[in-house]
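Asks: Chains as they are written, first to last, in our numbering: chain A, 20 to 414; chain B, 217 to 482.
Simulated from the structure, these hints should not be mistaken for laboratory data.
The structure presented is a predicted model; accordingly, all values stated were derived computationally and were not measured.
It cannot be assumed that every hint is accurate.
[Stated by the list, open to error] Using C-beta positions, here's what the derived DEER-type ranges look like:
#	chain 1	residue 1	chain 2	residue 2	range
1	A	Lys308	B	Thr401	32 to 42 Å
2	A	Tyr180	B	Arg305	32 to 42 Å
3	B	Glu353	A	Lys308	18 to 28 Å
4	B	Lys478	A	Leu280	28 to 38 Å
5	A	Glu30	B	Asn361	15 to 25 Å
6	B	Pro461	A	Leu280	44 to 54 Å
7	A	Leu280	B	Gly327	24 to 34 Å
8	A	Glu49	B	Ser475	38 to 48 Å
9	B	Pro461	A	Ala348	27 to 37 Å
10	B	Asn405	A	Gly279	53 to 63 Å
11	B	Glu353	A	Thr358	28 to 38 Å
12	B	Asn290	A	Gly279	23 to 33 Å
13	B	Ser434	A	Arg21	48 to 58 Å
[Said to hold, decoys possible] Quick list of in silico lysine-lysine cross-link-like pairs, DSS-like style, CA-CA up to 30 Å:
#	chain 1	residue 1	chain 2	residue 2
14	A	Lys278	B	Lys441
15	A	Lys124	B	Lys409
16	B	Lys441	B	Lys221
[Claimed, not checked] Just some of the chain B residues that point at chain A, by a computed CB distance under 7 Å:
#	residue
17	Glu350
18	Glu353
19	Asn361
20	Asp363
21	Leu367
22	Ser369
23	Gln378
Heads up, the beta-carbon is just placed ideally off N, CA and C, and yes, glycines get one too.
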Amino acid sequence: MRYPKNGRFGEFGGKYIPETLVPAIEELEENYLKFKDDKSFKKELDYYLKVYAGRPTPLYYAKNLSEKIGGARIYLKREDLLHGGAHKINNTLGQALLAKKMKKKRIIAETGAGQHGVATAMACAALGMKAEVYMGYKDTIRQKLNVFRMDLLGCKVYPVYSGSKTLKDAINEAIRDWITNVETTYYLLGSAVGPHPYPVMVRDFQSVIGNEIISQMKKINKTSDYVIACVGGGSNAIGTFYPLVDSNSEMIGVEAAGKGLKSKLHSATLSAGTKGVLHGMMTYLLQDKEGQITETHSISAGLDYPGVGPEHAYYKDTKRIKYHSATDAEVVDAFLTLTREEGIIPALESAHAIAEAIKVARKGKKSESIVVTLSGRGDKDVEEVQKYLKRNVKN
Amino acid sequence: MSRIKEKFIELEAKNQKALISYIMVGFPNEKATITAVRGLVKGGADIIELGFPFSDPIADGPVIQNASTISLKNGTNISKFFSIVKKIRKETDIPLVLMTYTNILYHMGYGKFISQAKKAGIDGFILPDMSFEESKEYLQAAKSNADTIFLISPNTNKNRIQKIAKVSTGFLYLVAVYGTTGVKTGIKNYTIKAIKNVKKQTKGKIPVGVGFGISTPSDVKKYIKAGADAVIVGSAYLKLIEKTPQNKLESKIASFTKSLKKQTIL
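Pulled out of the complex, with its shape left as it was, chain B reads as follows (with noise of 0.2 Å):
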């Protein structure tokens, strides 16, 4: 069984909710991500999501754009992530997921790429410009191997959010709002909405994480009340990563971790 669905039964029968926190490897450098990774497993994370950088991020906001831009400008390359991911993986054993785009993937073939990946200690995918109708040879290459976390939008229809949970492996990725990535708008009926029909349509098959634009834990709180089995928090990290001295990060990260925990008890 793979470490994130052990993770959610674990929650489960703990009365918890998943909190997925998302940092960019190598922002600003390689100490941060470290130290901020050790704050992210002391406050309390369920999961931890790696971003990769990518010349090209369309599904990204200017925050995580600008964190991609950084990482890549210090050096970030895919032999420099995979040996951070072993360096985590010798500290804790936390579900890792890899979030970055396909062409990364593709280049060096889905094949030979996950199988690094997943010796490194990476235990799924996430890939915002993989659309289930292109994914044929990238679910074969990580069939058994690792998750592959698709993701569906508020304006995905009933017919296509049951053939994406179809091919979904660890949990299903809810995009909250129309958007990139770390664009605030406020909770929007029609997410509460988008949430309560994919439950519905998943019939508790998967558990469905939500993101995009959450950063508080007053919005955790409302995507967990709303039914939400995850929620993911990625730009208010990175903002935070960024105004933080490097001696103070692991406690400022932890602390925020712990507050966006909180809401995820029931």
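Just chain A, with the same shape it has in the complex (with noise of 0.2 Å):
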């Protein structure tokens, strides 16, 4: 799956839009197919990954987390600690950057927790573009810091009042203003979803993740035995993985159970959705008997999303990847055990990646090597984790 020419993994993705986005659809993948592998493009793109955006991260040996639990060694892939907060900028400034090459003015995107609407803010303030994010209004009041870092950083937030107002109905939105303005914007999708060529693209933008992960534990001589990342649209999954696709590494992909699978209040597409069409590719979504899309729930905001990557779906499908889930409970378990432990805050999204490591951890051997990614760092959900300590604390 390398470059999939008509835009499908399998029977997953495709193109499912309006007729007025076609042309614009076949203006991206057609600049996207140009520019991909063009000297010039891929060095200006490494010159702000390295410089501005602080890459590569580092692979960070958790010996205290892994010592605690007495099973596998448990690496952190440090996306967190990328300028922004989380891997969102990788995406972003090779999408920015692909659309200043495109000449295109006007900028627009979705957020959930507010870490893609940041990085696109970013991205376009270091590359001379304005940009415009539309956000559910659910996720403008939990994740509010956010929305004042888009405010400082010049960009423009668009709260969403319509359906459950969360990332769902902000991709709805940002596809409204898209079909309207479709002259001139561009569409800047923050995850490795919607109509072909974005899931392929956003997954090769996230592909630094996997490959700097490859060589840096060649260098210290271990192999992945596993490696663990956070679902919600699956981006920061899909660029871990990708790379390792080849390899022997068991690989697994840890939604958002939210209250538990049989609640309705989660957000585990793979676990418990079924094959449908939303924005724009063809996936497994989270709907109800009719096809109807169904609200989901989870603790972080991210991970929010009725519907999952095309890829993942595939992947799925061939069990080329797991796909686990994890509850709130676990989550904040996970987020505390990785603060205290490692002086790591983790974001919520990737403290679910870090709560399925410590339970391959406990089962793992200690010459097994375990390589999870952390995708954001937390700062921006202490006050959702003090909220949900202060209700569910016992004692």
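Two chains, two frames, some hints: make the complex.
Replies: In structure tokens:
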């Protein structure tokens, strides 16, 4: 699946889009194909990734955590140390640079937790462009710090009041804006979702994560027996997994089980979803028996999405990657554990991957290694965690 | 021959263009839908487009979004929709087109959904997020069973117009403006050009309907003058339904429809 020519990963993906967007999508694909292997484009992107975003990110052996568990060794891929505090900047720099080459003046984006919005605002500021961001009203409340950050960065934030008022609705509204302003506007999608070529393009820009993991593990003479990442739309996970699909590593994507898979209050699309068409792609979705998209729940706004990237759907069906889930309670536990043991406050999204890593490490041998992508830092989440603890602490 | 095709032949003989009227089924309730349809028929609508609500209508503006939300909240589902269509069919022979999003058909299975819809009395389908590239299975399921009405945009190139026209039956739906449904922008030069261009590319093999942002008799007049074979009015009807009490709904819808229809008679 290096480059899915018809936009399909097996039966998943495609481009289910209003006709107005077809020329824009064709123009995007044409330019992406032209620039993705272009030497000067790559050089410019590498420059920004290195000196602006802070790549390569370290691979950190979480000694305290590993010894506490007493099983396999846990390594953290520190995407949380990137500028802006999350892996999102890998993709926004790539796409913003592409938009600039395409001479697009106006950039729009959607955001869930606000990390993609912030990363878009930063990349646009650095490259001298203007960004406007759609964000579900519910998310603007629970992630209000990120709204203010975008504001400071000179980016307009539009709260979205329709539907469930979260990421899904922000994407709907961004698509509507794009349809309306298709001739002038570049839509900078933040996850490995949407119509072709977005899923493959976002994957490629995020693959720097997996590629660095390979060379960093080689340097310390270790093999990554397990590779773990959290999955909402799935951009940090596909960037982690894709370079390793031909390796022997066992890979696990971790979805948000919210209040439990049986509660219906979750966002575990691959674990509990069915096939369908949303946001331009065929993939697994959380939907009712008639094909209406259902509302999702997760303690982490970034995973609160009823769909998933089509390439993940493909790897689920082909069984190359396993998809598990972690509940809000397990996630807060993992959040606290990592914070106390290692002095690293993870984003709640990333804490899903940590929760799984703890489970895997417990069963693993001391000679085995687990690489976990720590996709973002948790400063944005401390208030949410505080509230959760107030509600749930026993005694 | 399909009811839609027959209708266009009949109109041509009378030297008329078509008025296609859209309403959202179940907005605000079943009774209003049945009453509104009576008004549409009485007022002289040529084809009725029935919207089936979807949770994420990306091609729709605020008016249809709101109507979808209310319809779903009030319990519209597929079996209820089909039962309403059957009731409508008992009263009228007017061509009925179903407008919804791809996932609704995909989820039940294109074949199963289309045959049930056909049985209820639906003549054709409009799916704004069904692109030509992804339509193979859908087309197979609809083949000689129902009309597949595809959309074309002012920025669709010649080559694509011809490909889309080839798989479209009933009529072609030209989106008048860059934007979602119901957003009023006034008639644009690029729309007039697009109508002429699509007519030229299709050489009269299929009627061309224009929709999105058309809400008044004077709008209808301008698009007909520009060469459209049909005009589609939607959000304006929903606004009217929203503000009209049930006991006046039929007559209000009928008189509004009549004022629009008048502009399609040459």
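Asks: Can you give the numbers of the hints that this structure goes against, from lowest to highest?
Replies: 4, 9, 11, 14, 18, 19, 20, 23
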